[in-house]
Amino acid sequence: MKRTIPLVITFVVGLSLIIAMFIPHSPFHELDSQFSIFYDVIAVFAFILGGGNLLKVHFNKIQNKRRDWKYSLVTVSAFLLMLVAGLFKIGVPDGWTGDYQATGGLFKYLYDATFQPLQATMFSLLAFFVASASYRAFRAKTREATILLVAAFVILLRPTPLGYYLTFWLPEPLKFLHIPNLSTWILSVPNMAGQRAIMIGIALGIVSTSLRLILGIERSYLGSEGRG
Amino acid sequence: MANGNKTTLLDRFSNLDRRVIFLLIALAVIIPLIVNYTTYIPPSLIVQTLFDKVEDMPPGAKILISFDYGPSTVPENQPMANALVRHALEKGHRVYLMALWPTGARQSQQLIEEIIDVEYPDKVEGEDWIHLGYKAGNQGLINTLMSDVKAMYTTDIAGTAIDEFPMMDGINTLRDFDLILALGSGFPGTKEWVQFAGDPGNIPVGGGTTAVMAPLLFPYYPKQMVGLMGGLQGAAEYEAALIERYPQLSERSRIASTSMGPQVTAHLVIIAFIIVGNITFIFERRRSRKY
Amino acid sequence: MEGQPFLASPLASAIGVWIGAFMTLMIFSFLYKDNPFYKFAEHLFVGISAAYWMTVAFWTTLIPNLIARLWPSQLGGVLPSAVGNQVEWQYLIPLLLGLILLTRLVNRIAWLSRWAMAFVIGFAAGTNFTRYLQSDFVSQIHNTMVPLYEPGRTAGVTIGSIFSNLVIVGGVICAIIYFYFSKEHKGTFGRAARVGIWVLMTAFGASFGYTVMARVSLLTGRMRYLIEWASGQSW
Numbered sequence: 001m002k003r004t005i006p007l008v009i010t011f012v013v014g015l016s017l018i019i020a021m022f023i024p025h026s027p028f029h030e031l032d033s034q035f036s037i038f039y040d041v042i043a044v045f046a047f048i049l050g051g052g053n054l055l056k057v058h059f060n061k062i063q064n065k066r067r068d069w070k071y072s073l074v075t076v077s078a079f080l081l082m083l084v085a086g087l088f089k090i091g092v093p094d095g096w097t098g099d100y101q102a103t104g105g106l107f108k109y110l111y112d113a114t115f116q117p118l119q120a121t122m123f124s125l126l127a128f129f130v131a132s133a134s135y136r137a138f139r140a141k142t143r144e145a146t147i148l149l150v151a152a153f154v155i156l157l158r159p160t161p162l163g164y165y166l167t168f169w170l171p172e173p174l175k176f177l178h179i180p181n182l183s184t185w186i187l188s189v190p191n192m193a194g195q196r197a198i199m200i201g202i203a204l205g206i207v208s209t210s211l212r213l214i215l216g217i218e219r220s221y222l223g224s225e226g227r228g
Numbered sequence: 001m002a003n004g005n006k007t008t009l010l011d012r013f014s015n016l017d018r019r020v021i022f023l024l025i026a027l028a029v030i031i032p033l034i035v036n037y038t039t040y041i042p043p044s045l046i047v048q049t050l051f052d053k054v055e056d057m058p059p060g061a062k063i064l065i066s067f068d069y070g071p072s073t074v075p076e077n078q079p080m081a082n083a084l085v086r087h088a089l090e091k092g093h094r095v096y097l098m099a100l101w102p103t104g105a106r107q108s109q110q111l112i113e114e115i116i117d118v119e120y121p122d123k124v125e126g127e128d129w130i131h132l133g134y135k136a137g138n139q140g141l142i143n144t145l146m147s148d149v150k151a152m153y154t155t156d157i158a159g160t161a162i163d164e165f166p167m168m169d170g171i172n173t174l175r176d177f178d179l180i181l182a183l184g185s186g187f188p189g190t191k192e193w194v195q196f197a198g199d200p201g202n203i204p205v206g207g208g209t210t211a212v213m214a215p216l217l218f219p220y221y222p223k224q225m226v227g228l229m230g231g232l233q234g235a236a237e238y239e240a241a242l243i244e245r246y247p248q249l250s251e252r253s254r255i256a257s258t259s260m261g262p263q264v265t266a267h268l269v270i271i272a273f274i275i276v277g278n279i280t281f282i283f284e285r286r287r288s289r290k291y
Numbered sequence: 001m002e003g004q005p006f007l008a009s010p011l012a013s014a015i016g017v018w019i020g021a022f023m024t025l026m027i028f029s030f031l032y033k034d035n036p037f038y039k040f041a042e043h044l045f046v047g048i049s050a051a052y053w054m055t056v057a058f059w060t061t062l063i064p065n066l067i068a069r070l071w072p073s074q075l076g077g078v079l080p081s082a083v084g085n086q087v088e089w090q091y092l093i094p095l096l097l098g099l100i101l102l103t104r105l106v107n108r109i110a111w112l113s114r115w116a117m118a119f120v121i122g123f124a125a126g127t128n129f130t131r132y133l134q135s136d137f138v139s140q141i142h143n144t145m146v147p148l149y150e151p152g153r154t155a156g157v158t159i160g161s162i163f164s165n166l167v168i169v170g171g172v173i174c175a176i177i178y179f180y181f182s183k184e185h186k187g188t189f190g191r192a193a194r195v196g197i198w199v200l201m202t203a204f205g206a207s208f209g210y211t212v213m214a215r216v217s218l219l220t221g222r223m224r225y226l227i228e229w230a231s232g233q234s235w
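Line by line, the protein sequences are chains A, B and C. Numbered by the working numbering, the letters in the first sequence go through residues 1 to 228 in order. Numbered by the working numbering, the letters in the second sequence go through residues 1 to 291 in order. Numbered by the working numbering, the letters in the third sequence go through residues 1 to 235 in order.
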């Protein structure tokens, strides 16, 4: 029961969705839409699980006064404040029937004042680390690394005046080597070829893994019970 | 260190404090913003074909724009959205705004407040544009919309019944749209629109993604995607095409072009870092072979 | 404005901009070195972010797609449009599976959560199987079958078009050969694999260039925000 029922569920659900692609009529068509919604609902419970786990880890840290426990207080407080503001629609002009993200509500205010700038800034830090990595790690040690470097150079030079002035003087038969033209060619020919090969490889991997999961050959998601 | 206690120039470059690099990159971005350095980027073929697709459709075409990004990629995706909506409304197309990301609905609302309400007050909600908002489901939502749009979108984002809007007449499935424009920055995004709508439904799909994802989507062009804006540069290219066709937009539609100024200087600084880094590496290698 | 909630007022908006600017500076302070301000902002972000996604999931999925379908009459005060709808009993299935997923927290009955996981895995496998096969495999092979001569495909000389199409076809084949590890990369096969590596390196170089562009764009956005805050434009 611990192993058989999950395998049957995976098989039935997976097979129904594949059949729905080829027979878009009742009942498979409805199953396709229903299963999408079921999936989203289960994902919500996964969020609840994740939130519960977050609280568990940080409460543990606070209780045992582990290293940096004071910051765990910040995490838990911020989490509870935002959750309460959103779930109870605090400050929302139309009350319970209003949109939880309505202007005037505490949830939207916290989103605009904290979530938005924090998320944007976290991502923008990467620009500095990319620059640092370019200086310290990007070395033309081998032929392949040099090809990578040259391609990156051409792409980086394309929007710059330097990229234009380096090659604008080339005669008409060699115009394809003009940096903007070369950049376009690199993106739409060799880059496209390489990305297509990767895409085909990934697609084959996903297709074979999906088939193995549906047929019950791959059982690693069952944990230790799944082996054998 | 070689040569006893004497710190050579090579040592300085080899052990350069990364905070110096951080400072140089920060200055490379801040200074062009302060002096308002703008640069013109001519449209590449992949952006031009997207522009031509929107331009060549007869007025009144139904365009679905999906906002599949969050605040972290607003500097790249929002200029794309602004340019596309301006183009569509100038041309007289009907614009349907939706989102696969909850944060995307906030961005589409921002676009309505900053662009549609301000620059196109003559355009009527429900006749020229409609804000459908966010619905959960990721690629499952696209799948469901392929068979029944009104089953998922029973109201618009403000709660008004969907059948009250004239522009929703005749919209039953995604196949009823003339063009789907997906502005993405991750999952779900442009790729999912191609996989779940474009290919199965033979619906033209185009759009824009962050520069990180753009090279990965080139294999879909031109047969599975009509065109693609890649990052801020793609947005600037679209703006350039837009301003050439609609010169009256030259003052308003410039956000991507003005943001390309810092892009250009930062690129040059990073190229300099790579060159200096490699020169340092070559000299260090020679020195270590010598000793 | 009278009747306007405080959080929608210009004063609250200005305070929000200042809070956002300070959050931004706290994160950027990490570039100098790790410090309490950065740690504070980082931990704040973790808490706010987790609660944001939970709240969104609750109001956009749990309420309209589960509660409204099983107990529509109870939602008069929250979702009036659902009142009067028929009960859809099939939604007991995701409710049950979702509750089963929570058994993961109790070691003795954690094995039950595999039933919910099985549904998720089956759904993902079934969906991805057909979509990836169509869009990322069959269509890609079809798109690679380009004619040797196609006027207008790349602007310019005919020889250029032929060369580009040859590079596309040859590049895809050689790069796929590189990924085939069941045969030793020797002789002609090995040479083709080497060409494949070069094609892949070109693609990675293009990706690196675009990644740099992406990161700098995001930094430009943040700097623009700080400049507008510092100059008073945004508040």
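Among the clues, some could well be false.
Here are the simulated DSSO-like cross-link-like pairs (lysine-lysine), alpha carbons at most 27 Å apart as the crow flies [as the list claims (entries may be wrong)]:
#1 K223/B with K91/B
#2 K33/C with K61/A
#3 K65/A with K39/C
Just so you have them, the derived chain C footprint on chain A, three or more residues with Cβ under 8 Å [said to hold, decoys possible]:
#4 24–31
#5 59–68
The set of hints was computed from the structure by calculation and includes no laboratory data. Glycine included, each C-beta is placed from N, C-alpha and C at the ideal position.
To see whether the hints hold, each was checked on the structure:
no.: 1; hint: K223/B with K91/B; in the structure: 25 Å, holds
no.: 2; hint: K33/C with K61/A; in the structure: 24 Å, holds
no.: 3; hint: K65/A with K39/C; in the structure: 17 Å, holds
no.: 4; hint: 24–31; in the structure: violated (count 0)
no.: 5; hint: 59–68; in the structure: violated (count 1)
In the structure shown, a violation is registered for the earlier hints numbered 4, 5, in ascending order.
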